[in-house]
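*Asks:* With UniProt numbering, letter number 38 in the sequence shown gets 38, and the count goes up by one each step, no holes.
Read the hints as simulated data drawn from the structure, not as lab findings. Remember, it's a predicted structure, so these values are computed and weren't measured experimentally. For every residue, glycine included, the Cβ atom is placed at its ideal position computed from N, Cα and C. One thing to keep in mind: the hints can contain errors.
In silico lysine to aspartate or glutamate, DMTMM-like type, Cα no more than 20 Å apart, as pairs [what the hints assert, rightly or not]:
hint : residue 1 : residue 2
1    : 105       : 72
2    : 105       : 76
3    : 105       : 125
The following label-pair restraints were derived from C-beta to C-beta distances [unchecked claim]:
hint : residue 1 : residue 2 : range
4    : 13        : 104       : 33 to 39 Å
5    : 116       : 58        : 30 to 36 Å
6    : 104       : 31        : 22 to 28 Å
7    : 54        : 117       : 34 to 40 Å
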Amino acid sequence: MTCPFCAIVAGEHPANSVLRDHAAVAFLDTRPLFPGHVLVVPPRHIETLDDLPPDEVGPFFTQVQRVARAVERGLDADGTFVAANNRISQSVPHFHVHVVPRHRKDGLRGFFWPRTHYTAPEHAESVAARLRRAIDSAV
Numbered sequence: 001m002t003c004p005f006c007a008i009v010a011g012e013h014p015a016n017s018v019l020r021d022h023a024a025v026a027f028l029d030t031r032p033l034f035p036g037h038v039l040v041v042p043p044r045h046i047e048t049l050d051d052l053p054p055d056e057v058g059p060f061f062t063q064v065q066r067v068a069r070a071v072e073r074g075l076d077a078d079g080t081f082v083a084a085n086n087r088i089s090q091s092v093p094h095f096h097v098h099v100v101p102r103h104r105k106d107g108l109r110g111f112f113w114p115r116t117h118y119t120a121p122e123h124a125e126s127v128a129a130r131l132r133r134a135i136d137s138a139v
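Using the sequences and the accompanying hints, generate a full structural model.
*Replies:* What follows is the structure, given as structure tokens:
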């Protein structure tokens, strides 16, 4: 079985990409908590945070931080929820960090959240484009 995130990194599976460099690849979650929910993954297959080599942790999380800023700025979010499952509830066994836009009183509570869908492929692409612009304009 091929890792779906490795397939996205390799360009073998389509994704709404928002960032790609040597340290991280970021793309929209196809089952977002809210539009703009981004997954940030290491470009090579790493199963858990524990498996991420120490010299890659800083560069990887610098990009997570960059995406979180872009989500707030690009989507006019009040903040972000940044989280990673490690083994338990890790739906894809490729380490990934969720960056979710948050707004006051958005209804997100606890750890049992309903997932939504983008209204159309164009909706997902427009959200991804906003995030790419925010990433490109970051200092």
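*Asks:* Evaluate each hint against the coordinates.
*Replies:* How the hints compare with the structure:
A C-alpha spacing of about 16 Å is found between residue 105 and residue 72, which places the hinted pair at or below 20 Å, so the restraint holds. For a cut-off of 20 Å, the pair hint linking residue 105 to residue 76 stands: about 15 Å separates their Cα positions. This hinted pair does not check out: residue 105 and residue 125 have alpha carbons roughly 26 Å apart, beyond 20 Å. Taking the beta carbon of each, residue 13 and residue 104 are about 35 Å apart, inside 33 to 39 Å as hinted.
Against the hinted window of 30 to 36 Å, the Cβ-Cβ separation of residue 116 and residue 58 comes to about 33 Å, which satisfies the hint. Checked against the given bound of 22 to 28 Å, the beta carbons of residue 104 and residue 31, roughly 23 Å apart, stay inside it. Checking the proposed 34 to 40 Å range against residue 54 and residue 117 shows it holds: the Cβ atoms sit about 38 Å from each other.
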